[in-house]
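If you're matching them up, the sequences are chains H and W in order. Just so we're aligned: the first sequence equals residues 24 to 137 in our numbering. Just so we're aligned: the second sequence equals residues 11 to 117 in our numbering.
Among the hints, a few may not be true.
In silico SDA-like cross-links for lysine to any residue, where the CA-CA straight-line distance does not exceed 25 Å [said to hold, decoys possible]:
| hint | chain 1 | residue 1 | chain 2 | residue 2 |
| --- | --- | --- | --- | --- |
| 1 | H | K86 | W | Q13 |
| 2 | H | K88 | W | P105 |
| 3 | H | K42 | H | Q66 |
| 4 | H | K86 | W | Q16 |
| 5 | W | K49 | H | K88 |
Since the hints were made in silico from the structure, they are not lab data.
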Amino acid sequence: EVQLQQSGPEVGRPGSSVKISCKASGYTFTDYVMNWVKQSPGQGLEWIGWIDPEYGSTDYAEKFKKKATLTADTSSNTAYIQLSSLTSEDTATYFCARALMDAWGQGASVTVSS
Amino acid sequence: DIQMTQSPASLSASLEEIVTITCKASQGIDDYLSWYQQKPGKSPQLLIYDATSLADGVPSRFSGSRSGTQYSLKISRPQVDDSGIYYCLQSYSTPNTFGAGTKLELK
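Chain W on its own, in the form it takes in the complex:
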């Protein structure tokens, strides 16, 4: 199984910062990597797919990138509404595997 090591587990950021969350895959996943945001009591929402493509309706302050087998989600000038838990997911091979999640708090 492909392991997705996500970091950090939690972070607190100000509205002026650039927030970066990373996921490192245990092997190559050919950019079959997506990012999700989940708010309490809600289902996850797709932000980024294919590592760098912005999902419909997602603000442009969200972006995705890759360096080797490490994938990153960047939030530029986050808004208070961006608080929540963020997950990465690899869908290169089954079983599909999620990162452990990053809890983002905006201050």
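In isolation and in its complexed conformation, chain H is listed as follows:
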């Protein structure tokens, strides 16, 4: 069974960074890209970007190019998203989702608060 297990809720101060993990199991991690999706409170879904774990190549939506950094560790089958220079606009739930988004993590909430 394909599973994506995300790390727990994060609270970050304005201007700081947070890093969320997504541990994959039940499939070959390097066979599929990993997407990341943002959902602000009460809002819709927004694609952030993807990473190819095998090659480390990435593609980002323009608005997230200076906000998010996607990485992957093939030794632990874990994808990461780091969010930098946090503002209140970054308060949201962040999902990882495999390739064509047939499997999703449970989501990780990020709250930006001083």
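Use these hints to put chain W onto chain H, whose structure you have.
Leaving out everything else, chain W in the frame of chain H:
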């Protein structure tokens, strides 16, 4: 960027109706279109991929179709458990873009 215009924003339907949700792409997307259902506090679940293919484990009352650049999700004889928010997603080109969502209430 490809825009996905989803409608309606919300609808209330009875269990005897056929529910239809549409997404119109701003350009051709070669059927790289998927549909998701999201319930409160949960992650989205894949229903339909490649415009018309039913995802594993999804009931056959869900179906997808296309007419030109307009894509539709149909739910025949919806069940109470089908309440939630439905999103379309185009993955033809990056940035991948979602529709704004349709909130479905069953009465």
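We went through each hint and held it up to the structure:
With a C-alpha separation of about 15 Å, the suggested pairing of K86(H) with Q13(W) holds against the 25 Å cut-off. Between the alpha carbons of K88(H) and P105(W) the distance comes to roughly 12 Å, so the proposed pair stays at or under 25 Å and holds. Between K42(H) and Q66(H), the direct Cα distance comes to roughly 22 Å. Compliance with the 25 Å bound is thereby established for this hinted pair. Between the alpha carbons of K86(H) and Q16(W) the distance comes to roughly 22 Å, so the proposed pair stays at or under 25 Å and holds.
A C-alpha spacing of about 29 Å is found between K49(W) and K88(H), which places the hinted pair above 25 Å, so the restraint is violated.
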